[in-house]
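Mind docking chain B on chain A? Use the hints.
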Amino acid sequence: MRSHAERGNDELAPLPVGRGVGVRAGFTTTLSIFPTIMHNKTLTELSAGLATGQYSSRELTAAFLARIQQHNPQLNAFITVTAETALAQAAAADQRRAQGQAGPLTGIPMAHKDIFCTQGVKTSCGSKMLDNFTAPYDATVVAKLNDAGMVMLGKLNMDEFAMGSSNESSHYGPVKNPWDLNAVPGGSSGGSAAAVAARLAPVATATDTGGSIRQPAAFCGVTGIKPTYGRVSRYGMIAYASSLDQGGVIAQSAEDCALLLNAMAGFDPRDSTCVDQPVPDYTAGLGDDIAGLRIGLPRQWFGEGLSNDVAQAVRAAVGQFEQLGATVVDIDLPHAPYCIPCYYVIAMSEASSNLARFDGARYGHRCENPKDLLDMYMRSRGEGFGAEVQRRILIGTYALSAGYYDAYYLKAQKIRRLIAQDFQQALQQCDVIMGPVAPSTAFDLGSHSGDPVQMYLEDIYTLPLNLAGLPGMSIPVGFGDNQRPVGLQMIAGYWQEGLLLKAAHRYQQNSDWHTKRAC
Amino acid sequence: MQWETVIGLEIHAQLATKSKIFSGAATAYGAEPNTQACAVDLGFPGVLPVLNEEAVRMAVKLGLAIDAKITPRSVFARKNYFYPDLPKGYQISQYDLPVVGLGRLDIEVDGVSKTIGVTRAHLEEDAGKSLHEDFHGASGIDLNRAGTPLLEIVSEPDMRSAKEAVAYMKKLHSLVRYLEICDGNMQEGSFRCDANVSVRPKGESKFGTRCEIKNLNSFRFVEKAINFEVERQIEIIENGGTITQETRLYDSVKDETRSMRSKEEANDYRYFPDPDLLPLDIAPEFIEQVRGSLPELPDAKRARFQSQYGLSDYDSAVLTASRELADYYEAVAKLAASDAKLCANWVMGELSGKLNEDGLEIGQSKVSAAQLAGMIQRISDDTISGKIAKQVFETLWHEGGTADEIIEKQGLKQITDTSAIEGIIDGIIAANPEQLAQYRAGKDKLFGFFVGQAMKATQGKANPAQLNELLKKKLQ
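So the protein lines, in turn, are chains A and B.
For the first sequence, the numbering used here begins at 1 and goes up steadily by one.
For the second sequence, the numbering used here begins at 1001 and goes up steadily by one.
None of the hints are false.
Computed list of lysine-lysine pairs in BS3-like fashion (alpha-carbon distance at most 27 Å, straight line):
#1 B:Lys1129 <-> A:Lys371
#2 A:Lys414 <-> B:Lys1079
#3 B:Lys1390 <-> B:Lys1409
#4 A:Lys41 <-> A:Lys516
These are computed hints drawn from the structure, not numbers from a lab.
Next up, chain A with everything else stripped away, as it sits in the complex:
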């Protein structure tokens, strides 16, 4: 297998400033005095660099803005770049540091998935419906990272309303996979994964309803964590399926995920589903030994449908965990075959109701010259929502309708409980469940677009976790036959993010897949 470290950095040639990218003139020229590899540093390294004064937040921010200006036109990872406010935030962070009030994340640039409301900044959720929407408030996650002194570079592309597994449903066009511009980056957090993989941002927020953090992280060769449902506030995170949505992180490493999660997690009185549970220091256990860790491999996940190259890379990674002292046991998830229909009934039902507020009355897209109320609703929604969103609203509406509710929604909720029980039982035999993230590596752009069901099958290994509410990670563990990255999925019990991060970090200390660069 050809190592991807050999790939040149020149594959993504600089292009003119693209849509929405406005870097203040003058900054690119000053960049030459800073080491160009600044963008390859991990959060921990950047934090140290800022602390020791190797560079200021303003310099660091300018470097990333330049990087975005250079590569985003091809990748389309950003919907909005907030260059001016970023530089102002960076200056404020530098000031805060000068006053001796800097925390570990102060002055570090990052980017938000465009599903998080950001006060005064366009929050589109990847949809034409919200193309004209400027959020009047900050999501709790956004406020927390602001408080930590982080610098927001901009808002990241995503599948429309987080509905998709390839980032092709975005109103702003598909994101390209930095490893291969013909491949999808995965979805729905495709912009987050691509931005981190292409080092356009050191770290990004993301959300995961059925795999939307783990699958794009796997496709783009980066590390992602979806915390336990209720660990991170959903307030200000535009809802797709409320009982499944959970915010998380996409970063270069488990250690970076831990750093960001420290700042993001915790109880929020504005979110009734957010759990009042103490947040441990996720960086505390990093580096600990994992001897004796019990790994469970679900039999159902290594059978038909899984491509050989992915299976091989995943098994090799598990082998390495064994070398680090872990033991392996086969486990069963007997209700696995029901996950996809169960998930899609629940997700689409909730979505059909969650998206009812986009009616053209108060904000968002409104059709021209509505004849009457019904016309306003029908045309505003018909024009504002893309095909995939409309499909899911229709299916969800159907599933909740009188006479069908018991057969679909109620039945799906019952199956959901059984699926959660499967995991509970499996996690009695092991500490961490491991398996593939997706059936294959990143597929080609356009290859699934004619077949929604095939697209839904992409989430077969990821969505059971959301149904159960468990935390999960994806870490890069190699490359497939087509030289596209392979991810390993890791799952632990409720509130066991620390365990996942510890195990992932231990692996990353003993491997270099996560250090491979796409560009």
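Frame of chain A; chain B shown alone:
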């Protein structure tokens, strides 16, 4: 044919919380449009509801007051429909698991008591208001009311006349105000009612097809709308027609109900549990804490008024109709420390009359309980007569002050000095020999003439009982 009316009521009581049921925005009435709606009430992308515990406490209060079962785990559900004043495209309500289960309420019509079953009471949020005037062909939306907590109280179809329906509604109205969970202001829509009405031949056990009359916001309208609807239905059936299940609107100007939408046009609300809210678990300790905070309820108070103050059932019922009135009465009775019946008469008579005349609530009375009690004390100790008291009360109402000051200033103190009264009587007898002769000849009616003359001479200040006694003696 003899027809029987069957009525069930759904009453919406707006709960008197300071903030909304799922947000921290204020609930005060009458603010500038859209100034009391936060991002949550406006249904902005990403916002989430958080339940107001005070609303739950109020719902439990009502539940306990009607002997209902409090559901240990109730569930909030989304009722999905599109309307411009419904910001989220769904209303958060409760569906198959309401917070308050089966309860009961006793009513009384024409002296006959009856128990009305209360099926359930559930918590939900109110919608905003669509304003169709003054916008030049467009509609305005005011979302101040959006998210205001409502308790929807659903009765069993146990009422058999408009009078019973009104009695039930009044009883509930009084109860929510006793419990201080609703201000009961019907004009502002804080307490409103939908009536389900059907008719059936007397003796028939199956219900007829019902029609729902929406948004009745006064007792009078409830009575008139139901009576109109009953007659409408009977006429249709007697003419060989059938009733179609539908929602109707009452037009108070024309005094009629008219069709709003049929069953076929009804929305499929696609209820499902709201995934943004956890099930509402109510601990037994919470229920006991609420029970401990319950005030004395109307029926108990009415019974106590009879035993403690020796009032009639009628007087007790009138005085306990509202908690404020009952409190007022008790304050008067306590401060006056005298004849409780006399106090009741004054509260129910002169005071209520004045309040009605000026269109005031008891809480707005211009004469305080202390002022009234001070005056009643002067009646009891014979300082003034009941008749003079009316004059004193009149001054109290319009000018304020205390009864003692008014009596002093206006010289209204009763004359109780026997020799003084005798002197006056002697003068009158001397001045009216003819009448005296006629009286003594058997014309008893003339006794009143002498009383009148004496009162006139004393400007009404002679003690009536003494005057009567002395007059009788002197006239013989």
